[in-house]
Amino acid sequence: MRNSYMGTSEDDKTRSPAPSMLSYEFMCRTNPFTSCSFRMLFMNRPSSSGWVRAMDTRHGVVAITFLAFFMQVVVEATSWWSLAMNPLLIPEAYIIGAQPLCSQLAGLSKGQKKLCQLYQDHMQYIGEGAKTGIRECQYQFRHRRWNCSTVDNSSVFGRVMQIGSREAAFTYAISAAGVVNAVSRACREGELSSCGCSRAARPKDLPRDWLWGGCGDNLNYGYRFSKEFVDAREREKTYEKTSMESARLLMNLHNNEAGRRMVSDLAHVSCKCHGVSGSCSLKTCWLQLADFRKVGDALKEKYDSAVAMKINTRGKLVQVHSKFNPPTNHDLVYVEQSPDYCVQNHSTGSLGTQGRLCNKTSEGMDGCALMCCGRGYDQFKATLVERCHCKFHWCCYVKCKRCTRVVDQFVCK
Amino acid sequence: MAGAIIENMSTKKLVIVGIVLLLFQAFAFMVGGLIAPSPTTAVHYLATKCVDNQKGHLQGRKWFMPWGPNQCDKIRDFDEAMAKRIEANNIVFSVHIPLPNKEMSPWFQFMLVILQFDIAFKLYNQIEDKAMVTIDVSLAYRDDTVSEWTEMAHSLEQRKLSCNFTTAKIIENEGRYYECDLLPFMEVGTVSHKYYLVNIRLPVNERKKVNVGIGEIKDIRLVGIHQNGGFTKVWFAMKTFLTPSILIIMIWYWRRITMMTRPPVLLEKVIFALGISMTFINIPVEWFSIGFDWTWMLLFGDIRQGIFYAMLLSFWIIFCGEHLMDQTERNRFSMYWKQVGPIVFGSLCLFIFDMCERGVQLTNPFYSIWASDVGTELAMAFIIVAGICACLYFLFLCFMVFQVFRNISGKRTSLPAMTKARRLHYEGLIFRFKFLMLVTLACAAMTVIFFIISQVNEGHWHWGDYTVQINSAFFTGIYGMWNLYVFALMFLYAPSHKRYGDEQSSGDQGGNSGEDIQLTTTITHADGPTEVYRMMGKESQE
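Sequence order for the protein chains is A and B. In this text, residue positions in the first sequence follow full-length UniProt numbering: the first is 1, and each later residue adds one. In this text, residue positions in the second sequence follow full-length UniProt numbering: the first is 1, and each later residue adds one.
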């Protein structure tokens, strides 16, 4: 159904994004980065609505809807997630000739490329963050029919992400969280030049520089940078207010935010007393990032309680079932039902569960009955070679014996 | 001699003095809340894992830099080390303080570093019970970015690992991190150099059971805490302003006392001693820490504070005792040994504890009394004894305050029997005495409340565009408050010039003035600073 509209309104495809993009580019060229990117948020909305009104009169809603969808297919084919896969991301490469590298990186949107040029040293950590996010996603979904598997190096997850499902919601959230985590961590390692006493964080009237008031709070920096970078992609797109694409855009922004908030919510405060004789008359506290596994666990819970949304006539996301409590900033939202992950389907991007290992005794999602979608399973005898009776040092030294055992493995038909 | 100024002052003047003091108090809070930044900053450092490629031990220590020119050979994680067959003994955790492009400054006053291990759970390589980690640490400094590092300290330290794993210990949860307590790492009393470098090794020796069974360490993190330069500046400014104020009032007070014909009574001496200890705390010797490398400044500050607290607590006891209004003669310090004893003993305990911790840190900044079992028990013993002393003291104090109030209400009942003018006067006296008691109580309550707020609160409040630094306001406000308290005490309790008898004779008729003369001559011991004594003496006469 979607494909049948792909060819319509070819002439609009080239023209339509121009006004909003131009205004954004103009703002960026005349302003230093921070104000540009902040301005971007405000600029986009009025210009987009203006454009929508103009188009309305000429072509009508349907044309734009599908035109916009077509654009999305083209653009979303690659994603910044590809940074996680990109072998180019070695720090040395940035030092030599960083400028061309940003354009070489596949999957970055226009705004993201600009950010890449301004903050070249951050790219490696964004890649790392994406990688952490994907790894965590795969851990959390290892027993699910959809197991967060990556498909290729450019689109990363394939077409599955084009559906605004719960799974997409989780993926966006966890990768945004991964970036916050990685950037904050890099801050702490002192790897990022603009981190720490970043100028944007300082109130204008107070001389709170390093000597005066110190500078800490890497988490805040990680949060803000992640917001700029990850959301840039969504922010530079404009769709008709009530369209499905607009709903998807809002959903992505919401889930990105939920992921980022999860990192800052789970960061816990540690304190140290160091007053007179070590009493607590002087106490210093700082935020400490949680183990990323905990972020994954918490987001998985949010995935299970994700809220189905639809877009209303005013262009806002509202609940499908209004009797429940409305989702907060910390909840995940989705706008489409998940596709059938049981069988391989090229149009949805589902890989199917054929060939997946399952657990014969389990009654959960990893049990053979559910995992194999009733198709049955094959049994294998596998010999596992394991290390056992090991002696460890805290690092780098393990002396083990080898033990072998034969286990039954079940694979979905 | 007549009474103290507080008795002879009109209510109007008293109110004016109160308002002026309150204004200064508000100012002290505002200085901290609005001008000063938060008192301290915590900066995170993640140790860079360097590889020591040196074969054998060359002469001199090699320093490993985490970044910049001459940086060490780094590894990202220990899987890489495993692949490259690097041994644990060749791994050096390196931390440069501060972060790149920053420099430390003497304005930071002190530097406190906390150690944290990131230890991943591995089913077959768990942290053993009572695991001790042995760290080989060295600290170096330099003052420019190119010169060689100079060693400051080197030590082999032990720290107790107290980690717990919150989820189930099953294979599924491998790779999750333990939750480990913060470990004290280092404390330096001055920050006189620009750059510091910490190199940490975790040597493994299987035969001696060194660093065995400490789990799979993934990362070492340090948190560096230092005072903020801005706060130091505000603090110094405040001290520099307060020193002459207290000093002047102290000289004025002592001049008043020496001008009298009788020798000073105990309470007057105690108030003067309180003034001296306040001045001792106020004198801004910290200015020298900007120019000199005086590591003992932190310890010195503790001692000064300790002396002041001990003095203040003793003053309260003596103040209450001298107002007891029973017929016992006190006016001697030895009368109060029972109450002052716990204060002295408790302060002494804390002093010994402080010497054990901060005193030893003068020579070895990595020393921590909490690191060893014996040390922990000893420290706890000192603190518990000090705590018991504090409890004992407060019991005494509360009992004495109760006694004072009981005696006052006892006197109240006999007030109607007096002549009108005297009654009014005594009522005023009781009111002012209670007023001062209330001020003391209010000050103590303010201290406690602000302390609790600063403990519970996250440190700053946003109020419109302003950020109010609660912790800074706490420090400057409370510091200012006790200064004003001492100031007010010396001002209001200084002997008055006014002839008390002159005023009274106009009100009382005839015989009373004779009684008055008799009072001053017979009840010499009651010739204390307050007229309450005088009243008490009168009662005994009547």
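Incorrect hints may appear among the rest.
A short, non-exhaustive set of chain B residues, derived as facing chain A with CB atoms under 8 Å [claimed, not checked]:
#, residue
1, Ser38
2, Thr40
3, Met65
4, Ala81
5, Pro203
6, Val204
7, Ile283
8, Trp287
Below 16 Å or equal to it, Euclidean Cα-Cα: the simulated EDC-like pairs (lysine to aspartate or glutamate) are [said to hold, decoys possible]:
#, chain 1, residue 1, chain 2, residue 2
9, A, Lys391, B, Glu103
10, A, Lys294, B, Asp73
11, B, Lys122, B, Glu174
12, A, Lys294, B, Glu206
13, A, Lys113, A, Asp291
14, A, Lys294, B, Glu174
15, A, Lys413, A, Glu386
16, B, Lys102, B, Asp143
17, A, Lys399, B, Glu206
18, B, Lys102, A, Glu236
19, A, Lys272, B, Asp181
20, A, Lys294, B, Glu172
21, B, Lys102, B, Glu87
22, B, Lys218, A, Glu236
23, B, Lys62, B, Asp79
Listing some non-contacts, in silico: residues in chain B with all C-beta distances to chain A over 12 Å [as the list claims (entries may be wrong)]:
#, residue
24, Val20
25, Met82
26, Tyr177
27, Leu202
28, Pro264
29, Pro284
30, Ile303
31, Leu324
32, Thr419
33, Phe433
Hint data in this document are derived by calculation from the structure and do not stem from the laboratory. Glycine is no exception: its CB is placed at the ideal position from the N, C-alpha and C atoms.
Output the numbers, in ascending order, of every earlier hint that fails for this structure.
3, 5, 7, 8, 9, 10, 12, 13, 15, 18, 21, 22, 23, 25, 26, 27 and 30
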